[in-house]
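S.K.: Here are the chains, one letter per residue:
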Amino acid sequence: MSLLRCEAVAKSFGGLQALAGVQFEVGAGEIVGLIGPNGAGKSTLVNTITGVHRPEHGSITFDGHEVTRLAPERITRLGVARTFQIPQPFHTLSVLENVMVGVAFGARGASLERAAREAAELLEFVGLADKAHHEPQALTIIELRRLELARALGSGARLLLLDEIHAGLTPKELEEARELLQRLRARGVTILMVEHLMQIIMAVCERIVVLEFGRKIAEGTPAEVAADPEVIRAYLGTRRAGGARAAGA
Amino acid sequence: MGLDAASLLQVLVWGLVVGSIYVLLATGLTLIFGVMKLVNFAHGELMMWGAFLTILIAQSTGVNPYVAMIGSTAAVGLLGVAIERLGFRPLRGTAKINEIFLSIALILVLQNALARFFVPYFRENAQIRTPYATEYFSLGLVNLRYDFVILLAVAWAITFGLWFVLFHTAPGRDVRATSQNRAAALLMGIDVRRIDMLCFGIGSALAALAGSLYGVVNPFSPYAGTIPAIKAFAVIILGGLGSVPGAVLGGLLYGVVESFGTFFLGGSWRDAIAFVLLIVVLMVRPQGIFREGA
Amino acid sequence: MSRAAAARVRRRRTLPVALAMLVAGGVVAALVREQFVLQVLTYVFIFAIYAQSWNIAAHSGQFSLGHATFLGLGAYASVLLAGRLGLPAAVAMFVGPLLPALAGLAIARLCLRLREWYFGMVTFGFTAIVQVLVVEPFGGLTNRWDGLDAAPLWAGGRAIETIAILNYLTALALMVGSYLLAARLMNSKSGLALAAIHDNEVVAAVSGVNVRTHRLMAMTLSGYVAGVAGALNSHTLTRHISPGIFGIEDSIWPLLYTIAGGLRIPEGPILGTLVVRVFWEWALRALGGFESLVVIGLALAVIVTTFPQGLYVLAARAAGWAGPRLARRAR
Numbered sequence: 001m002s003l004l005r006c007e008a009v010a011k012s013f014g015g016l017q018a019l020a021g022v023q024f025e026v027g028a029g030e031i032v033g034l035i036g037p038n039g040a041g042k043s044t045l046v047n048t049i050t051g052v053h054r055p056e057h058g059s060i061t062f063d064g065h066e067v068t069r070l071a072p073e074r075i076t077r078l079g080v081a082r083t084f085q086i087p088q089p090f091h092t093l094s095v096l097e098n099v100m101v102g103v104a105f106g107a108r109g110a111s112l113e114r115a116a117r118e119a120a121e122l123l124e125f126v127g128l129a130d131k132a133h134h135e136p137q138a139l140t141i142i143e144l145r146r147l148e149l150a151r152a153l154g155s156g157a158r159l160l161l162l163d164e165i166h167a168g169l170t171p172k173e174l175e176e177a178r179e180l181l182q183r184l185r186a187r188g189v190t191i192l193m194v195e196h197l198m199q200i201i202m203a204v205c206e207r208i209v210v211l212e213f214g215r216k217i218a219e220g221t222p223a224e225v226a227a228d229p230e231v232i233r234a235y236l237g238t239r240r241a242g243g244a245r246a247a248g249a
Numbered sequence: 001m002g003l004d005a006a007s008l009l010q011v012l013v014w015g016l017v018v019g020s021i022y023v024l025l026a027t028g029l030t031l032i033f034g035v036m037k038l039v040n041f042a043h044g045e046l047m048m049w050g051a052f053l054t055i056l057i058a059q060s061t062g063v064n065p066y067v068a069m070i071g072s073t074a075a076v077g078l079l080g081v082a083i084e085r086l087g088f089r090p091l092r093g094t095a096k097i098n099e100i101f102l103s104i105a106l107i108l109v110l111q112n113a114l115a116r117f118f119v120p121y122f123r124e125n126a127q128i129r130t131p132y133a134t135e136y137f138s139l140g141l142v143n144l145r146y147d148f149v150i151l152l153a154v155a156w157a158i159t160f161g162l163w164f165v166l167f168h169t170a171p172g173r174d175v176r177a178t179s180q181n182r183a184a185a186l187l188m189g190i191d192v193r194r195i196d197m198l199c200f201g202i203g204s205a206l207a208a209l210a211g212s213l214y215g216v217v218n219p220f221s222p223y224a225g226t227i228p229a230i231k232a233f234a235v236i237i238l239g240g241l242g243s244v245p246g247a248v249l250g251g252l253l254y255g256v257v258e259s260f261g262t263f264f265l266g267g268s269w270r271d272a273i274a275f276v277l278l279i280v281v282l283m284v285r286p287q288g289i290f291r292e293g294a
Numbered sequence: 001m002s003r004a005a006a007a008r009v010r011r012r013r014t015l016p017v018a019l020a021m022l023v024a025g026g027v028v029a030a031l032v033r034e035q036f037v038l039q040v041l042t043y044v045f046i047f048a049i050y051a052q053s054w055n056i057a058a059h060s061g062q063f064s065l066g067h068a069t070f071l072g073l074g075a076y077a078s079v080l081l082a083g084r085l086g087l088p089a090a091v092a093m094f095v096g097p098l099l100p101a102l103a104g105l106a107i108a109r110l111c112l113r114l115r116e117w118y119f120g121m122v123t124f125g126f127t128a129i130v131q132v133l134v135v136e137p138f139g140g141l142t143n144r145w146d147g148l149d150a151a152p153l154w155a156g157g158r159a160i161e162t163i164a165i166l167n168y169l170t171a172l173a174l175m176v177g178s179y180l181l182a183a184r185l186m187n188s189k190s191g192l193a194l195a196a197i198h199d200n201e202v203v204a205a206v207s208g209v210n211v212r213t214h215r216l217m218a219m220t221l222s223g224y225v226a227g228v229a230g231a232l233n234s235h236t237l238t239r240h241i242s243p244g245i246f247g248i249e250d251s252i253w254p255l256l257y258t259i260a261g262g263l264r265i266p267e268g269p270i271l272g273t274l275v276v277r278v279f280w281e282w283a284l285r286a287l288g289g290f291e292s293l294v295v296i297g298l299a300l301a302v303i304v305t306t307f308p309q310g311l312y313v314l315a316a317r318a319a320g321w322a323g324p325r326l327a328r329r330a331r
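Protein chains in written order, with this note's numbering: chain A, 1 to 249; chain B, 1 to 294; chain C, 1 to 331.
Chain A on its own, in the form it takes in the complex (with noise of 0.2 angstroms):
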């Protein structure tokens, strides 16, 4: 049973066509790599997944309910949540109300007491217990990309969408993000990942979906997808062009 369903997703920007027509699932319980090249429209998709833009054509569908004209709000108390590829706490709140904010307003729209406990065990989760009550601002890059994750995994969610979050790690940090992923993997939660870096999505996804030019070209496992020809196409293409680029420069 799929937990989240695409079908024929389309959005413009003026006349850029970001999604054409982009069509697949996830089912519960899977972590699933998004990928493509830049502006493939990965980020346009997870936006509209979470109802921040809202799709001219398609329908998107989450355990069961139509979620394709949905307020934000209400599709994250649905169980969908995300993180942002730049990470954007709210800034005048401490590490700890970040995450309440998650808690109370997301699914199981807790009450501020069980909202402040269930935000400390999160943060203990992700590593950030000693830093509840900092400000954002006094958190490093790797530190506000877990802040998000908390946040997100407070509001209850059934499925998480992760922008980018493994984006200039080292490999230390790259170890721990991975330890990371499996913790939540072990707490049920279903992923959709956008991630360039294709050693960690080889490594972590059961199954990867390439977009290119708002077209899905490929789906299949990580071995199916990298032997793809339209893939190795969409790649080399895009490396090509990117050397040309830093040649050029």
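No lab work stands behind these hints: they were computed from the structure. Built from N, CA and C at the ideal position, the CB exists for glycine as well. Some hints here could point you the wrong way.
If the Cβ cut is set under 8 angstroms, some of the chain C residues that face chain B in the computed set are [said to hold, decoys possible]:
1) Ile129
2) Gly177
3) Leu287
4) Glu291
5) Leu293
Using the hints provided, position chains B and C relative to the given structure of chain A.
M.R.: The following block gives chains B and C in isolation, referenced to the frame of chain A:
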């Protein structure tokens, strides 16, 4: 007044004159907003300082008021630099609303200091008297005051001059870069604090010039600047904060709409018309006509 | 560990602060016999209510530059209800402000997509529009620019001194009430939502916060509280209401008082109104004329550039009981 072509043309000319003053005010405000993301509500008080200093210089030296404007504009520009250094710079990084608070404090200081010096001489209202005050051009249907022509020429020469500097010189490029992305500009080695100071100074100088021109066509008091400055603020919101083309277009539009609105609906609607226009535009385009930083 | 963390979020107690304010205000009333001092303090209490209403809207990131709309509409509605329908002023004072509450709701609805400067300018514009509406289409009801006399809140053959004390005590009680309201709101679950919206609307929404409802709620409540302040002011201190109330000045006061005291802190507007107003009155009398206003302006500029977080945080730091929470709020 009847609805004949001559009076409509007269209303249009007045709209253009008032609009050109708004353009100068708004361009200064938007220049400052672009790089510093702040609005100095005391802009109108700097405007009146400009007008009074022009009178002071013209009377004490006997030069033509249009020449005296050079001195008053420069002096208020320097005052602006001082205000940026001592006032707004320490507030960077604190709540945005603090800048409005400081502007209000500056309004109190500048307005009353001005009143303290000038009210004994001028009682309620002053006006800048030029040698051409009673001379007119005939332009077929309408008679055009010489001063209107000079005012339009000065305002637009300065506006286009600024435009040229912004879009065709190295310092102008630095200003635009800072306006678009402060962090990136800093990384590229642009001294953004110097840009702040420069823009605040130029913006203040433009206010002084606008005030001096305002004083040629209107009687004024130390308190006369507040409303035009707020309208200039509405203009840059209308045009899109930080956008120079937006300020120019918005200022002209505003002047003309206000002039016709007052003509057709009567004086008590004057301020409200402008805001109805602003609200309608923002309902349709929440970011203004031009987007921020354009 | 987690329990300790949870305990520290439990909010500061507000009831003792409220009681302390009531007692202090009562003691002053018992000791001070000078009419002028009582009058200034009554003004402080009324405008602290008004500033608190602005603070409530500001807590959700809705920085209004046109709060005089609500102050004025509350005053007009109450004065008209008392004058035309013969409602007792004490009742009209709480019914009339339903009009500015509605105005707050309507303006917030229109401004839902606007933020920061755009929001501020539109709220400012509404004040100018409401002024014209009050004078022109409703001129018959409002007596145009001349305005209306307001029924007194306390009357009936009492001595002037007694009325002054009663006005003072009423204003004090309502100020403490508005403080409790704001403090409870800011420390509640809704307060957390408002703070999240203040910081980032998109992230608040994807965290499950209903941004729209909370923004509307904050402005509606703010409009109501501002309206009560306006009504109270016209039934006690000014005893008259005119369209001049929809001017720039009355929109500036709450901002000035709140920021001087401490933005988004329930004690901020009270401390700010008290300090700024008392200093203002002192300067006017001690220095007089234009000089006094120049000095006041300079003092305000010094306050904001040296203590941008406001006097309450400064005082709390000095007394050693400011948590990091306070400092964050006021940023």
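S.K.: Evaluate each hint against the coordinates.
M.R.: Hint by hint, here is what the structure shows:
1. Ile129: At about 5 angstroms, which falls below the 8 angstroms cut-off, the nearest Cβ of chain B leaves the hint on C/Ile129 intact, so it holds.
2. Gly177: Check failed: Cβ of C/Gly177 comes no nearer than 25 angstroms to chain B, outside 8 angstroms.
3. Leu287: This hint is violated: C/Leu287 lies away from chain B, its Cβ roughly 11 angstroms from the closest one there, beyond 8 angstroms.
4. Glu291: 7 angstroms, holds
5. Leu293: 4 angstroms, holds
When the structure is compared with the earlier hints, violations turn up for hints 2, 3 and for no others.
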